[in-house]
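Protein chains in written order, with this note's numbering: chain L, 1 to 426; chain H, 427 to 878.
Do not take every clue at face value.
[Said to hold, decoys possible] Derived pair list, reagent style BS3-like, types lysine-lysine, alpha-carbon separation capped at 27 Å:
| # | chain 1 | residue 1 | chain 2 | residue 2 |
| --- | --- | --- | --- | --- |
| 1 | H | Lys526 | H | Lys874 |
| 2 | H | Lys526 | H | Lys585 |
| 3 | H | Lys684 | H | Lys647 |
| 4 | H | Lys684 | L | Lys2 |
| 5 | H | Lys647 | H | Lys872 |
| 6 | H | Lys725 | L | Lys2 |
[Claimed, not checked] Partner residues aside, some chain H positions facing chain L, computed with beta carbon under 7 Å:
| # | residue |
| --- | --- |
| 7 | Gly601 |
| 8 | Gly604 |
| 9 | Asn629 |
| 10 | Glu792 |
| 11 | Glu860 |
| 12 | Tyr876 |
Hint data in this document are derived by calculation from the structure and do not stem from the laboratory. Glycine included, each C-beta is placed from N, C-alpha and C at the ideal position.
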Amino acid sequence: MKVEQALRLLPDLEALMPLRGLLLASARPDQRLQWGSGGPYLTVGKHAVEPGELTRGMAPVLSLITEHIGALYRAYVEALEAQERGEPADAVAALLGAGRLEARVGRLEQASAWYEVALALAEGLQDRRPEIETLLALGGVCLAHGWYAEGARHYQRALVLAEAEFDQGGAIDACVGLGCVAFERAEWAGAQAWYGRALRLVETGGDRLRLGRIEHQLGLLARRQGDLAAAGEHLRRARECFEALAAGREMALVLDAQGELDAALGRAESAAAAYREALAWLRREGRDVELDVTIRLHLAELLLEAGRALEAEEEMRRAEQLAISSNLAHRLVQIYARLGTLRGGQGDETGFVFFEQAIELCRALGCPPAEEARVYHAYGLFRSRFGGAGRDEARAYLERAREIFQSLGVEAEVERVRAELQELTA
Amino acid sequence: MRALRVLAVGGEGGAGALQSLRQWAAELRVELECAADLPRATRLLAGGRWDVVIAVLGERADEELTWWMDTLRAAPAPPPPRLVAIADRPSMGLVLRAEKLGVLDLLTIPLRRSDVAHALDSVRSAVTELPVPLPSVELNAVGQYALVGQSPAMLDVYKLMARVANSAATVLIQGESGTGKEVVARAIHLHGPAAAGPFVAVNCAAIPENLLESELFGHEKGAFTGAVARKIGRFEQAGGGTLFLDEVADMSLALQAKILRAVQEREIERVGGTETLPVTVRLIAATNRNLRDAIADGKFREDLYYRLAVVVIDLPRLADRGDDLLLLISHFAQQFGERSGKRITAISDRALELLRSRQWVGNVRELRNVMERAVILANDAALRTEHLPEEIRGEEASLPERGQGTLATLAELEARHIARVLAHTGGQIGAAAEILGIHRNTLTRKMKEYGL
Chain L
1 MKVEQALRLL PDLEALMPLR GLLLASARPD QRLQWGSGGP YLTVGKHAVE
51 PGELTRGMAP VLSLITEHIG ALYRAYVEAL EAQERGEPAD AVAALLGAGR
101 LEARVGRLEQ ASAWYEVALA LAEGLQDRRP EIETLLALGG VCLAHGWYAE
151 GARHYQRALV LAEAEFDQGG AIDACVGLGC VAFERAEWAG AQAWYGRALR
201 LVETGGDRLR LGRIEHQLGL LARRQGDLAA AGEHLRRARE CFEALAAGRE
251 MALVLDAQGE LDAALGRAES AAAAYREALA WLRREGRDVE LDVTIRLHLA
301 ELLLEAGRAL EAEEEMRRAE QLAISSNLAH RLVQIYARLG TLRGGQGDET
351 GFVFFEQAIE LCRALGCPPA EEARVYHAYG LFRSRFGGAG RDEARAYLER
401 AREIFQSLGV EAEVERVRAE LQELTA
Chain H
427 MRALRVLAVG GEGGAGALQS LRQWAAELRV ELECAADLPR ATRLLAGGRW
477 DVVIAVLGER ADEELTWWMD TLRAAPAPPP PRLVAIADRP SMGLVLRAEK
527 LGVLDLLTIP LRRSDVAHAL DSVRSAVTEL PVPLPSVELN AVGQYALVGQ
577 SPAMLDVYKL MARVANSAAT VLIQGESGTG KEVVARAIHL HGPAAAGPFV
627 AVNCAAIPEN LLESELFGHE KGAFTGAVAR KIGRFEQAGG GTLFLDEVAD
677 MSLALQAKIL RAVQEREIER VGGTETLPVT VRLIAATNRN LRDAIADGKF
727 REDLYYRLAV VVIDLPRLAD RGDDLLLLIS HFAQQFGERS GKRITAISDR
777 ALELLRSRQW VGNVRELRNV MERAVILAND AALRTEHLPE EIRGEEASLP
827 ERGQGTLATL AELEARHIAR VLAHTGGQIG AAAEILGIHR NTLTRKMKEY
877 GL
């Protein structure tokens with residue numbers, strides 16, 4: 001049975017989300033289809049799934065769910081006990097812990113619910129540090145979900161409190177969070193100001209991990225602003241900090257950014273080497289499939305720019321396989337949008353199937369609106385390549401993307417899409 | 427002969443192996459560099475040309491093998507270095523996986539000098555490959571596509587194509603995946619009465635089931651969620667030309683009924699529309715399945731089959747086309763060579779032998795893919811085994827003269843065959859058990875036993 005058929009039999013219930021995940025993770029490309037004319041367009045929906053395999057996969061999934069729910073219940077009981085003991089700060093810590101567990105498995109709205117309860121409790125405490133910590137956690141969830149305005153409010157409050165409490169770490173994290181919100185909304189000057197403030201604070205404290213992270217963010221910002229030399233310098237400093245600490249994941253992140261920078265500078269070999277080294281750090285560190293997928297997609301883009309479409313597609317397909325087998329179906333959205341764009345570049349109209357699959361996954365998995373907007377945007381551009389009646393569809397998709405970006409307050413993206421729409425009409 | 431450049435990578439518990447390799451470097455006639463961990467190794471790899479990487483695998487040996495092959499494939503100076511992996515007590519599954527991935531050799535700890543020497547000798551022997559000149563190819567070009575082949579099976583196909591092209595008859599093209607059904611369909615279109623009209627291809631296997639109807643017949647704005655604008659369907663787009671329905675057996679029965687109606691009544695309606703539109707297309711359908719079996723299983727409508735199969739063209743498998751393989755190799759070498767500014771005039775005897783011994787599940791499409799990659803990697807006028815994908819090079823051990831010279835045990839043969847069948851079914855245990863003729867529980871037990 002094909003996954004698309006199996007999904008039609010699964011009601012859209014929250015309790016069944018892990019089963020949906022298991023179904024997608026059990027999907028296997030049918031080798032007999034791989035070489036068929038539909039092979040280049042295969043998506044997870046066309047993969048095969050065996051009911052028997054689902055049954056076998058159920059026990060470990062159910063045990064993980066039991067473990068997860070058990071940990072949440074325990075955290076709740078811990079919070080109750082702490083309250084009874086008259087130690088509300090510990091209760092906040094327990095609730096925060098539960099939220100972090102939810103965030104770790106990508107359940108952002110659930111994480112947010114735990115953090116909100118923790119915040120209500122923390123607000124009544126004399127010690128403001130639990131409140132700062134909670135606000136930072138809430139800011140992080142909002143940022144990840146694309147609720148930028150709300151995220152900014154949480155970070156702003158955390159900053160005020162941290163400064164009042166002389167909590168330097170909290171103040172730095174709040175500034176970085178505010179910088180990240182501004183960065184996501186393409187407000188470069190704002191991001192620069194917040195990162196700059198964080199940098200000044202961290203330089204007095206000598207916290208190399210935080211320093212490295214800020215330098216990394218500044219590097220990303222400088223690249224977006226087109227100052228590639230400054231970006232290189234920031235990334236070099238970030239790398240120095242992380243390498244000294246042997247912080248593998250951070251090294252991988254910075255090397256990934258370095259790869260993107262090298263690619264922008266036309267240094268394809270250096271870029272490939274940076275991506276490969278990033279993957280090596282990740283491998284050394286253990287599994288971080290999310291980041292692995294991101295790096296592979298960047299590597300694929302690099303190959304594509306070098307006109308090596310075959311290898312680019314192979315890299316994207318590896319990322320797809322990794323995302324499927326690691327139960328990271330949400331990453332398929334991005335992968336399929338890129339595969340669709342790749343086909344568009346090859347003048348292949350059937351590539352629309354990738355965007356349709358990406359949209360379907362966005363709906364099924366409740367992806368963040370920013371992600372959905374990016375898919376509609378890419379789909380609109382894809383359709384506009386083929387002219388004719390496709391222009392109406394292109395316009396409709398671009399308008400949908402603009403609406404979503406507008407609702408998120410990402411003005412730079414709204415403007416960009418507006419310009420593309422005008423060009424399409426002209 | 428120059429010394430081989432070898433990069434040895436330690437990892438967890440690899441210090442002893444690296445120490446041994448350092449001691450043997452002179453005797454083994456290699457220039458050896460050692461890296462204690464993966465990040466250092468990738469830096470060294472990026473900085474120079476290496477012939478062989480010897481990597482000590484850790485606890486997740488299987489994943490590491492894949493990681494290494496990915497990394498080496500992307501080495502900056504092609505051809506990529508060969509991988510010799512070292513593992514502590516490797517399972518049969520790991521051995522087979524290594525073979526499948528094209529790992530040069532999988533050695534065990536404690537490391538023996540003779541094993542390392544044997545692995546390195548097989549790299550050195552690669553230079554003894556002899557070039558076979560590629561023949562010139564006469565093409566029957568169809569736009570950017572080409573029909574290549576002079577085998578009796580293909581000559582029969584050409585004759586049938588010539589007979590049907592001038593008529594407006596509906597044609598059903600049957601053949602395994604990658605045998606060139608679309609190329610044949612295009613050729614029929616270009617040599618037929620509708621040549622001046624468009625050729626519109628629809629891949630029924632690629633398009634999600636719920637979208638296929640609107641793709642074929644079009645839809646009106648708002649006909650369903652996602653119908654953001656009016657869409658002209660492929661039947662309309664192909665007006666006055668040819669509509670090619672590829673992988674027609676992948677359609678649902680409901681849609682088959684609608685296609686039948688369109689073919690019989692020569693008219694369609696857009697989804698959500700009321701206007702009736704005339705159908706003015708020549709229909710060519712193709713499938714890689716046996717439609718008679720599909721009819722017997724109740725998955726394909728018999729009446730539609732007879733409507734489509736007015737003329738049936740069966741395309742042969744690549745494995746049944748004899749010397750067409752060499753012609754196709756030559757054609758693709760020329761095609762991809764022109765694209766990348768290279769002139770490929772020969773293929774080594776060993777590489778040709780490997781290609782000849784392959785099953786070619788994906789037929790010409792698979793060969794095309796292999797050749798595209800090989801031409802990218804080639805750095806002179808001849809293609810050699812080092813330019814072939816790892817999974818093909820991995821079969822080198824099964825060729826005569828280069829095997830281990832020892833006879834396999836029954837268990838080894840069984841494990842190998844199970845692994846091959848699992849690869850064929852894409853890891854689907856049920857389908858594999860069916861092919862092997864054993865119960866799925868037995869298969870699961872054997873997979874566990876062999877570490878597959």
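Evaluated hints:
Restraint check: the Cα-Cα separation between Lys526(H) and Lys874(H) comes to about 18 Å, which is no more than 27 Å; the hinted pair holds. A hinted pair counts as satisfied when its Cα atoms are at most 27 Å apart, and Lys526(H) with Lys585(H) does not qualify at roughly 40 Å. Between Lys684(H) and Lys647(H) the alpha-carbon distance is near 20 Å, which keeps this suggested pair within the 27 Å criterion. Of the supplied pair hints, the one linking Lys684(H) and Lys2(L) holds, its CA atoms being roughly 22 Å apart against a limit of 27 Å.
For the hint pairing Lys647(H) with Lys872(H), the CA-to-CA distance comes to about 55 Å; that exceeds 27 Å, so the pair is violated. Restraint check for Lys725(H) and Lys2(L): the C-alpha separation of about 15 Å stays at or below 27 Å, so the hint holds. Of the supplied interface hints, the one on Gly601(H) is violated, with its beta-carbon coming no nearer than about 11 Å to a beta-carbon of chain L, more than 7 Å. Restraint check, Gly604(H) versus chain L: the minimum CB separation of about 5 Å is within 7 Å; hint holds.
Of the supplied interface hints, the one on Asn629(H) holds, with its beta-carbon coming within about 5 Å of a beta-carbon of chain L, less than 7 Å. The restraint placing Glu792(H) at the interface with chain L holds, with a minimum CB-CB distance near 5 Å, inside the 7 Å limit. Taking 7 Å as the C-beta cut-off, the interface hint given for Glu860(H) is violated, the closest approach to chain L being about 12 Å. Because the beta carbon of Tyr876(H) sits about 18 Å from the nearest beta carbon in chain L, more than 7 Å, this interface hint is broken.
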